[in-house]
Structures are given as structure tokens and as C-alpha cells.
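With the hints as constraints, model all of the structure from the sequences given.
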Amino acid sequence: MSGASVAKGRHLPNSLTSPAARMVKSWESLLLVVVVVIFIVNSFASPYFLDPWNLSDATYNFTEKLMIAFAMAPLIIAGEIDLSVASIMALASTAMGYAVTQGAGTPELVGVGVTVGLLCGVFNAVLVTGIGLPSIVVTIGTMSLFRGISYIVLGDKAYTGYPAGFAYFGQGYVWYVFSFELILVALLAVAFGVLLHRTNFGRAVYAIGNNATAALFSGIRVGRVKFILFLLTGVMSGVASVCLTSRLGSTRPSIALGTELEVVTMVVLGGVNILGGSGTIPGVVLAALVMGLVTFGFGLLNVPGIVMSIFIGLLLIGVIALPRLWAQFRARRG
Amino acid sequence: MQASPSDRPVLRLSGISKSFPGVRALSGVSLELYPGEVTALIGENGAGKSTMVKILTGIYQPEEGVIEVDGMPATFPTASAAAEAGVTAIHQETVLFDELSVAENIFLGHAPRGRFGLIDRAAMVAQARALLARIGADLDPMIPLKELGIANKHLVAIARALSIEARVVVMDEPTAALSFKEIEELYELVERLKAEGKAILFISHKFDEIFRIADRWTVFRDGELVGAGLMAEVDEGQLVQMMVGRPVDQIFPPRHHALGAPVLTVAGYCHPTEFEDINFTLHKGEILGFYGLVGAGRSEFMQALFGITKPSKGACRIDDHIAVIRSTAEAIGQGIVYVPEDRGRQGTVKGLPIYQNVTLPSLARTSRHGFLRLAREFALAREYTERLDLRAASLDQDVGLLSGGNQQKVVIAKWLATKPRVIILDEPTKGIDIGSKAAVHEFMAELAAEGLAVIMVSSEIPEVLGMSDRVIVMREGRMVAEFDRATMSPEALVRAAAGIGERVAA
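If you read the protein sequences in the order shown, they are chains A and B. Numbered according to numbering that gives the first Met the number 0, the first sequence terminates at residue 333, and the numbering increases by one at each position without gaps. Numbered according to numbering that gives the first Met the number 0, the second sequence terminates at residue 505, and the numbering increases by one at each position without gaps.
Wrong hints could be hidden among the right ones.
Covered by chain A, according to a simulated footprint, are these stretches of chain B (three or more residues, beta-carbon under 8 Å) [as the list claims (entries may be wrong)]:
| hint | region |
| --- | --- |
| 1 | 321-328 |
| 2 | 339-348 |
| 3 | 465-473 |
Derived from the structure by calculation, the hints contain no laboratory data. Values in this document were obtained by computation on a predicted structure and should not be read as measured data. The beta carbon of each residue, even a glycine, is placed where N, CA and C say it ideally should be.
Here it is, written out as C-alpha cells:
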């Protein structure tokens with residue numbers, strides 16, 4: 000066979016696999032099946048499950064975390080991570096509580112919460128992209144730093160006394176059973192889905208996650224992209240903090256403790272490679288539904304919280320191990 | 000000439016077959032290695048050489064075929080089984096441990112033991128020193144490996160091979176990353192290993208090297224054995240023809256045309272550690288070669304021109320305006336693009352499909368208001384990959400699945416799609432097979448004829464002589480000589496690059 004003597008201009012098809020075939024084999028399809036199965040099991044397990052208001056309440060299990068996960072997913076795809084998100088929520092909430100004591104109204108409170116989130120994001124971004132420190136170390140540091148400031152400001156006290164109008168973000172309904180948070184998270188899903196999957200910026204995120212050096216050598220402004228990703232994660236933590244503070248109606252320094260791990264779990268369960276390079280927003284949404292439905296179902300059955308976290312932990316290990324075990328099994332059979 | 004009865008192969012593989020999903024990597028090939036002789040394994044990329052090495056070293060298991068050691072049937076189910084049988088490999092990018100010391104690297108897994116089964120460090124260091132002395136390597140066994148250059152790492156790998164009493168040494172492109180002088184030292188070492196009776200399998204793309212040190216040859220093509228014999232009975236043309244399955248009448252394309260207007264002028268480029276006072280003018284339609292030894296500062300200078308590193312001094316002009324280049328994005332904006340030497344790390348984004356690799360620097364053109372338009376991306380990617388005759392199943396195939404030569408084509412397609420003024424090619428044909436090499440050369444000539452200004456960094460003299468209109472030689476970060484077509488010769492280039500005539504070689 001003489002390979003090299005073929006005429007130039009050999010036609011290359013766009014793709015050999017149809018979009019439908021690709022979708023069937025995707026991680027997202029598997030998650031969708033899991034969501035449907037849990038939904039059916041839950042509806043048989045408890046007569047209260049299918050009540051629209053119960054289901055609506057259940058969405059609070061994941062809405063605030065999912066907002067942060069939308070920003071965390073591109074950040075992890077780009078090969079970085081932000082473990083300080085829950086502490087940013089605490090600091091933003093503390094700042095809002097302080098603003099209340101200074102007589103701030105609802106619009107100012109939202110401004111304060113989101114701005115504190117943004118500034119925290121910029122702080123992380125400067126340390127990682129400006130100085131070149133590893134993000135896992137930086138954000139473990141700022142995780143302690145941001146929450147530490149909240150503890151210094153609040154001690155064992157709590158801020159309450161948020162204005163009545165502020166309660167809308169965490170407790171209000173836009174229409175029927177559809178809460179403000181649920182509508183917001185749906186809009187954000189579309190926005191981040193478009194950003195990651197339909198824009199030049201999103202393409203740069205994947206390129207950086209797969210090979211940051213080659214991305215740089217292809218003219219991608221790697222530092223700038225990462226800066227924006229940290230900034231977005233900070234802003235989304237601020238937005239989530241507004242919603243959570245509004246829902247709880249009070250601020251304690253321990254607010255949202257441990258949320259960062261639930262966000263990372265959601266992102267990884269959604270099919271984002273923890274080492275960067277791949278993953279989708281629809282996958283993260285489905286992972287949030289899985290986690291939310293499991294928590295809700297167990298709650299209806301009066302399963303203690305600790306069992307839930309065991310289940311979520313096993314689910315996470317399982318979904319990461321299964322594809323690998325399956326590949327090994329197939330390799331062994333030849 | 001028949002091998003005499005006393006000259007029996009130490010290792011013989013016959014009828015070896017190995018398949019991967021969708022590919023038959025080897026079908027019924029044979030290989031014989033003789034004590035005290037160097038056998039060159041020759042073939043294009045994808046011919047099955049690497050698969051053969053992996054079978055020899057116990058990493059892959061053949062589906063069919065027989066392995067005999069000293070005439071006795073043997074199997075290499077694991078890498079350690081192959082090592083016990085006396086087979087060891089020195090890879091292109093040596094697989095050693097940077098954080099361990101030289102002595103630990105040599106004796107990892109079989110260190111001399113003292114009381115309680117603990118490693119006897121003193122004995123280990125002493126034995127390491129003896130082994131290094133035996134191969135003429137002046138290295139301190141106590142220093143960590145990471146402090147050594149690639150050539151010295153090869154020496155450590157060879158010492159390791161001797162420490163396990165290897166009888167068969169596989170050298171997979173050992174000279175790919177070495178400088179001229181280091182290569183000479185490696186040749187001497189190969190001679191010593193021969194004298195000690197080791198059988199050596201030498202894999203290389205460089206024919207001068209093969210003719211210099213090999214005693215026997217074996218050619219693979221498309222996973223099949225084409226032939227084997229003694230080097231004394233074959234010439235380069237025959238080997239090339241066996242490799243590619245067709246006669247290669249002319250290695251470099253003819254280039255006859257006048258140079259155009261100046262495109263790029265570099266004045267006084269300096270860097271604190273890597274290069275100093277670089278000045279030249281590049282013309283439309285010109286191929287300017289940069290020759291020098293590895294470490295002469297050529298790549299570092301090119302990367303400064305491309306905005307990766309910052310020069311401490313100097314200016315560059317494109318046409319008649321000063322070009323400010325502080326980032327790769329700005330360099331690309333000015334029409335300067337760079338095909339890096341390190342394809343895997345700097346060239347292709349593995350994990351992304353071919354079309355996305357091609358359009359990565361051109362997204363501003365294919366998109367609208369920052370939103371992707373896939374139809375345009377596919378069209379742009381198709382235009383340039385087909386022009387380069389890319390061999391791939393489809394445009395959404397992962398670029399990491401392509402062969403080295405085809406990955407290089409993707410990188411070049413990526414840059415041509417940006418419609419550059421100046422293209423810098425850094426070792427454009429390093430490690431790619433002879434068929435793809437000719438295609439890359441032909442393409443470079445075509446680009447120059449179309450008016451593109453080309454800079455080619457190359458350490459291969461035939462390539463520099465065959466392709467360049469002018470050659471600048473760099474040594475230790477400085478421009479030391481410049482030749483045009485009339486004055487360039489292999490001897491002149493080597494002398495200038497090595498500084499011969501200015502200082503006496505040791």
C-alpha cells in the first residue's frame with residue numbers, strides 16, 4: 000500500500016458520528032435516566048412526593064448551589080478550582096448584615112452582596128493569574144480568610160432585621176409554584192450554557208483545560224480567561240449569598256458551611272473532569288436534579304441527614320469509578 | 000552473507016502479529032538481534048517500530064509469533080520479565096525519575112542490599128561510579144537527575160542498562176534531542192557497548208546516523224517486514240525506497256524565484272540570558288534558515304518574536320511600522336505565527352477535535368459578536384486541512400489520535416488559516432517520517448512562492464541546505480555567521496555552529 004501518492008484534496012467529512020448517536024452515548028443521557036428513575040422511585044415511595052408545592056420546596060435543596068456550580072464548572076474545565084465559594088457567601092452575607100445596621104434598603108443590599116462576591120473573586124484571580132500561585136492552595140487560604148473575617152465581625156452574634164422586601168429573593172414566587180430562585184437558576188443555566196458552549200470564550204475555556212501551553216501558543220489570552228472565570232465564580236457566590244440570606248432572613252458566620260464541597264460534587268457528578276478539559280452545563284443541571292431529588296426523597300422517608308451524605312458520597316465515587324471499571328472490563332474481554 | 004553458526008542471534012522474534020481496535024499494527028514480522036552488532040530498525044511513522052519495541056520490552060503481548068532468547072522459546076508477559084531476560088530500552092524521552100539521584104536511578108529495583116534487606120547506599124554509589132566510569136561518563140552519582148541535561152540522562156539510562164547486565168539494548172531515537180557533540184559521544188558509547196558484546200537495536204529517522212553505526216538493517220512498512228540484511232550491502236536510496244514503497248527521486252523541491260520587499264526587520268533583540276543582539280531582515284517569498292546547535296538560543300529568540308517571552312531590548316518592524324508584540328495574540332495580529340518544535344505540548348490541543356484546533360486562533364473571524372458559527376469553522380478547517388492533504392477520518396476526530404506528521408499538518412493548517420505574513424517553523428520535520436517530511440518541504444516552498452516570508456529553525460543540515468535562501472548561524476545566543484545559497488556548505492555551517500577555528504576542540 001503506497002500511502003503518500005494519493006492526489007491532494009481528499010475530502011474530510013465533518014463527523015462520522017451523528018449528533019443523535021453521540022447524545023445517546025453521552026454522560027448526560029445516563030444522568031437523565033438516573034433522574035427519571037429516582038423520580039419514579041420517589042413517587043412510589045411517598046404519596047407526598049408528587050405534590051407541586053412539595054416539589055417546589057425541594058428545589059431549594061440545590062438552587063443556590065447550582066448557581067455557583069454554573070461558574071465552578073467552566074473554572075474546573077479550565078483546570079482551576081475555587082474552594083472559597085462558601086466563605087465568599089459568608090463574607091457577602093456578613094457585609095449585607097452590616098449594611099442593614101447602617102440602614103441600607105433592599106437594592107443596596109443586593110448591590111453589596113454581589114459586589115463583595117466580585118471583589119473576593121478578583122482577589123482570588125489576582126493571586127492565581129497575577130502571581131501564578133496554584134488555585135487549590137490560594138482558595139484553601141481564602142476559604143479560611145473570608146470566613147475568618149465573618150467570625151471576627153460577628154463573633155457568636157447574628158445579623159437579623161433584613162427589610163421585608165429583601166425576603167423576595169429567597170422566599171418569593173414569580174408565578175404559581177415557580178420561585179424566584181428557580182426562575183433565576185433557569186435563566187442562569189441558559190446564560191452559562193450559551194457562554195460555555197456557544198461562544199469563543201467557552202471554546203477558549205476548553206482549549207486551556209486540555210492544554211494551557213498550546214492554547215497560549217495559539218494566541219489565547221490564558222491569564223485573562225482565567226481571571227474572568229474566578230471573577231464569575233465570585234459574582235455567582237455573591238448572588239447565591241443574596242438568595243440564601245434572603246431565604247434564612249439572618250446571617251451567622253457559619254452560614255453555608257461546607258457548601259463548596261457540595262458544589263464541587265455537583266460539578267463532578269455532572270460529568271466535568273476534575274482534571275479539566277471536559278464537561279457540560281446540562282450535565283451539571285442534571286447532577287443538581289439527582290442530588291436534589293435524592294435529598295428530597297430521603298427527607299420524605301425520614302432518612303437521617305448523615306445517611307444522605309453517605310449516599311451522595313457513594314454516588315460520587317460510583318459515577319467516577321463505573322466508566323473506568325467498564326472500560327477495564329471491556330479491555331479484558333478484548 | 001550468512002551468519003556463521005557461532006554468530007547466533009541472542010534474540011529472535013518471528014511471525015509476530017499485534018492488532019489494536021481497527022488497526023493491524025504488526026503482521027507476521029521477524030527481527031533478529033546479534034551480539035556485538037547494531038541492528039537499525041527503519042520505517043516510516045506508523046510502520047510498527049514502536050509496537051515492536053513495546054513487545055520486546057514486555058509492555059505489549061503479541062497475538063501470534065515466537066520469541067526466542069539464545070534459541071530457547073521465551074515470553075515477556077511483563078516489563079520485568081523482559082528485563083530479567085536482559086532486554087532494556089533507552090527511549091527518545093528517557094523514562095527516569097527527576098527527583099532521585101543518579102545512583103538511585105541506575106539501581107532502582109535492584110539496588111545492592113545490606114543488613115536487614117535495606118539498601119546499601121555506599122555500595123550503590125560505589126557501583127554507580129564504577130558503571131559511569133565504564134561508559135566514560137563524568138557524572139556525580141549523588142546529584143539529583145533533574146540537574147542533568149538530556150544527553151547525560153541518556154548516559155544514566157545506559158548505565159542502568161549495564162547495571163542489569165542487559166544483553167539487548169533498544170535505543171529508540173536516542174539522538175533526537177541531542178546536540179552535535181553529544182551525538183558523537185553517544186556513537187562512541189554505542190561502539191563500547193558493541194565491544195562488550197551487547198546486541199543493539201537502533202531506531203532512527205536519520206540515515207547518516209544509521210550508516211555510521213549500524214551493522215545490519217531491518218525495514219518495516221505498514222506493519223510488515225519488507226527486508227533485512229547487512230548495511231554493507233545496501234545504499235540509502237534502496238532503504239528509502241523500501242521504507243516508502245516508491246522511489247524518492249528528489250528530496251527537496253526546486254526553488255527558483257526572486258525575493259520580494261522586506262517584510263520583517265528585527266533590530267538589536269536581546270534577552271538577559273538567552274540571546275543577544277539579533278539583527279536581520281526577512282523578505283517576501285524568502286526562506287531564512289536558522290542553524291545552530293541545540294541550546295544556541297534559536298527557539299528562545301523565535302518565541303520572543305512570537306510574544307511568549309519578552310526581549311529586554313530591541314525592536315521589530317513589519318513593513319514600515321513598528322510592531323509591538325507583548326503577547327502571542329498581538330504577534331498573530333501582526334501576522335507572525337510560530338510552529339513550535341514541541342508539537343505535543345505547544346502545538347496541538349489534544350482532547351479537542353481537529354477543526355477546533357485549526358480555528359483556535361481564527362475564532363474572531365469565524366464567529367459573530369463572540370458567538371461560534373460551526374458551519375464557518377468546518378469550512379475554514381476543511382479548506383486548509385485538505386490543502387495540506389491531512390489524513391484523518393473526520394474533522395471532529397480528536398487531534399491526539401493522529402500520527403506525528405498529521406498533527407504537524409494540523410498545526411500548520413491552524414496558522415495558514417490566520418493568513419499570516421511571517422511563518423516561523425521550529426524544527427518542522429523533527430521526528431516525522433520521510434513521506435510527511437517531503438510533503439512539509441514541498442509545502443514550505445509553495446508558501447514562499449506565494450509570497451509568505453518563512454523562517455525555518457533546523458538542526459538538520461540537509462534540510463537547511465535544501466530549503467533556505469539564506470542561513471543565519473547562531474551560537475551561544477549570538478548570530479555568528481550568515482550564508483547565502485552561493486556560500487553555504489555543510490562544512491561551513493558546522494564550523495560556524497561549533498565555533499571551530501576559534502577554539503580548539505577538546
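Hint check results:
Requiring three or more residues with a Cβ within less than 8 Å of a Cβ of chain A, the coverage given for the region 321-328 of chain B holds, as 3 such residues are present. Counting residues of the region 339-348 of chain B whose C-beta sits closer than 8 Å to any C-beta of chain A gives 6, which meets the bar of three, so the coverage hint holds. With a cut-off of 8 Å between beta carbons, the region 465-473 of chain B has 0 residues touching chain A; three or more are needed, and the interface restraint is violated.
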